[in-house]
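Can you make the complete structure from the sequences, with help from the hints?
Protein chains: 2
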Amino acid sequence: MTINSLTAATREQVDSFLKQALAQLTLNPRLNQAMQHGVLMGGKRIRPYLLVTVADICGANKNDALQAAAAVELIHAYSLIHDDLPAMDDDDLRRGQPTCHIAYDEATAILAGDALQTLAFEVLTENRMEQLPSERQLQLVQVLAKASGARGMCAGQAIDLQATAKIVTEDALEQMHLSKTGALITAAATMGVLCGNDNAQQWREKFEQFAHYLGLAFQVQDDILDVTGNTEALGKPQGSDTASEKSTYVRLLGIEGAQQRLQNLHHKALQSLSDIPYNTDRLEQFSDLLLKRDH
Amino acid sequence: MTINSLTAATREQVDSFLKQALAQLTLNPRLNQAMQHGVLMGGKRIRPYLLVTVADICGANKNDALQAAAAVELIHAYSLIHDDLPAMDDDDLRRGQPTCHIAYDEATAILAGDALQTLAFEVLTENRMEQLPSERQLQLVQVLAKASGARGMCAGQAIDLQATAKIVTEDALEQMHLSKTGALITAAATMGVLCGNDNAQQWREKFEQFAHYLGLAFQVQDDILDVTGNTEALGKPQGSDTASEKSTYVRLLGIEGAQQRLQNLHHKALQSLSDIPYNTDRLEQFSDLLLKRDH
Chain U
1 MTINSLTAAT
11 REQVDSFLKQ
21 ALAQLTLNPR
31 LNQAMQHGVL
41 MGGKRIRPYL
51 LVTVADICGA
61 NKNDALQAAA
71 AVELIHAYSL
81 IHDDLPAMDD
91 DDLRRGQPTC
101 HIAYDEATAI
111 LAGDALQTLA
121 FEVLTENRME
131 QLPSERQLQL
141 VQVLAKASGA
151 RGMCAGQAID
161 LQATAKIVTE
171 DALEQMHLSK
181 TGALITAAAT
191 MGVLCGNDNA
201 QQWREKFEQF
211 AHYLGLAFQV
221 QDDILDVTGN
231 TEALGKPQGS
241 DTASEKSTYV
251 RLLGIEGAQQ
261 RLQNLHHKAL
271 QSLSDIPYNT
281 DRLEQFSDLL
291 LKRDH
Chain H
1 MTINSLTAAT
11 REQVDSFLKQ
21 ALAQLTLNPR
31 LNQAMQHGVL
41 MGGKRIRPYL
51 LVTVADICGA
61 NKNDALQAAA
71 AVELIHAYSL
81 IHDDLPAMDD
91 DDLRRGQPTC
101 HIAYDEATAI
111 LAGDALQTLA
121 FEVLTENRME
131 QLPSERQLQL
141 VQVLAKASGA
151 RGMCAGQAID
161 LQATAKIVTE
171 DALEQMHLSK
181 TGALITAAAT
191 MGVLCGNDNA
201 QQWREKFEQF
211 AHYLGLAFQV
221 QDDILDVTGN
231 TEALGKPQGS
241 DTASEKSTYV
251 RLLGIEGAQQ
261 RLQNLHHKAL
271 QSLSDIPYNT
281 DRLEQFSDLL
291 LKRDH
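These protein sequences, in sequence, are chains U and H.
Number 216 in this note's numbering belongs to position 216 of the first sequence; there are no gaps in the numbering.
Number 283 in this note's numbering belongs to position 283 of the second sequence; there are no gaps in the numbering.
Note that these hints are calculated values from the structure, not bench results.
Treat the hints with care, as some may be off.
[Said to hold, decoys possible] Among the chain H residues that face chain U by a calculated CB cut under 7 Å, a handful are: (1) 25; (2) 31; (3) 88; (4) 115; (5) 122; (6) 141; (7) 157.
[What the hints assert, rightly or not] Straight line, CA to CA, 25 Å or less: simulated DSS-like cross-link-like pairs of lysine-lysine: (8) U:146 - H:19; (9) U:146 - H:44; (10) U:246 - U:292; (11) U:44 - U:268; (12) U:19 - H:146.
Positions of the beta carbon are idealized from the N, C-alpha and C atoms, including for glycine.
Written out as structure tokens, the structure is:
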């Protein structure tokens with residue numbers, strides 16, 4: 001079992017939902033194609049898998065959870081398109097394929113990212129979420145917005161850009177990752193709980209804690225793979241973080257130090273699960289496979 | 001009385017709300033400053049004024065309306081930052097001041113736009129909207145999302161970019177404006193109604209019709225002013241649309257033809273108001289001043 005085979009079924013369901021949502025946006029075909037390129041070019045769908053699994057554990061309706069999962073993935077997809085732009089990380093390749101501004105053009109890539117962000121919020125307002133009261137749907141919008149904007153992901157990317165070619169402390173690096181990627185991963189867990197039944201709401205904080213540590217561990221593993229992985233499996237040039245002088249855990253702690261940190265975070269993630277009185281085996285398996293992946 | 005003096009009080013209230021909302025986003029100071037630059041550099045606040053006035057006519061709570069108005073203005077502000085980027089319209093100057101990517105840098109401008117869009121949706125979920133049931137708040141999110149994304153504003157900007165240096169038909173030009181600027185102006189009216197009492201909901205379509213014609217007329221006037229106005233009053237180089245070979249009403253219809261079209265649209269806007277059994281004098285005055293402005 002690999003992380004890709006674990007998430008395969010959820011990936012298929014979320015992708016099918018995303019295809020449907022995108023198929024309705026016919027006003028400008030080129031924009032639509034660029035959006036599809038950004039969303040449907042693959043990826044492990046970690047955030048949707050986390051959301052759907054937490055939701056299922058919390059007794060959620062399957063369709064509600066898929067809809068929320070699609071929204072989170074749309075935010076993630078938009079952020080990748082914008083992060084790859086020449087003015088940002090200037091990446092030509094992602095998952096072995098040309099990035100959006102290479103396959104289309106820069107203006108279209110900016111607009112595709114913009115429109116994908118909008119679509120994320122639109123998706124959360126759809127009537128198909130009939131099992132959820134409006135207050136909960138509104139909370140989904142709020143949690144996703146707080147994680148994505150200047151309190152979360154966007155601020156993280158800004159901090160990351162400003163930190164390039166600077167030596168930062170481990171605390172500063174952690175703070176950057178917590179906002180850049182951690183906030184959205186944690187939001188996926190929160191949204192999973194919000195899709196669940198009333199009883200499950202009391203465990204929200206524990207699920208969030210799990211996601212918090214998992215997100216950080218995921219990032220440490222990413223930094224390790226950038227050094228130890230190979231270009232083909234990663235879908236991006238190996239060592240690209242080192243080449244661009246980004247701050248990484250490996251640079252700060254060395255390979256062994258980073259591996260130690262990874263184990264430590266993984267352990268804390270599993271500990272958070274142990275406080276929850278539901279069967280969380282699937283989340284345990286998920287974090288094991290995610291943190292032992294080789295690309 | 002000018003359009004600027006008419007909207008002054010609303011502008012102040014919305015700006016004060018926006019300042020408060022932005023003051024909370026302290027995670028990355030540079031990103032925060034760029035966001036403030038984009039939002040608080042002035043502007044007529046046409047969309048907030050329209051929303052607040054429609055809301056007031058429809059018996060809305062003042063704070064609910066201001067909050068919704070702030071959300072619409074945040075979307076507008078983000079779109080201006082992104083439209084000004086080098087890859088898009090490449091404008092250095094807006095309202096007589098350096099655009100966001102000139103005052104900061106391109107990456108920060110992209111992120112500031114992204115985070116302002118997110119903030120728009122966050123603002124609509126705040127608890128301060130205590131007079132509105134959650135269903136209505138969710139409808140506000142939905143209307144704003146549909147108007148801003150690949151069904152509306154983003155598609156309009158994509159169409160606009162693709163049409164540069166091409167001769168298009170008047171229908172195609174109208175279609176472009178309806179999505180690029182019309183959708184958000186109409187959304188402002190819809191959201192005003194949604195903030196209102198239950199009774200007012202039946203007049204939603206009439207208010208939307210008014211905004212639809214007003215938005216188109218506003219665009220025709222904009223094209224006319226680009227030819228007849230002066231750089232100082234406009235805050236951007238006079239003739240900049242002609243220089244960039246954009247399709248305009250003046251290019252298609254000539255100055256007189258465009259002025260005729262403006263009168264015609266203005267008339268249709270006022271006609272839509274006449275069907276509404278409330279006192280809509282303020283909207284009449286608003287459209288008169290807006291369409292007779294000289295910058």
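Hints and how they fare:
| no. | hint | result |
| --- | --- | --- |
| 1 | 25 | holds, 4 Å |
| 2 | 31 | holds, 4 Å |
| 3 | 88 | holds, 5 Å |
| 4 | 115 | holds, 4 Å |
| 5 | 122 | holds, 4 Å |
| 6 | 141 | holds, 5 Å |
| 7 | 157 | holds, 6 Å |
| 8 | U:146 - H:19 | holds, 17 Å |
| 9 | U:146 - H:44 | violated, 28 Å |
| 10 | U:246 - U:292 | holds, 23 Å |
| 11 | U:44 - U:268 | holds, 23 Å |
| 12 | U:19 - H:146 | holds, 17 Å |
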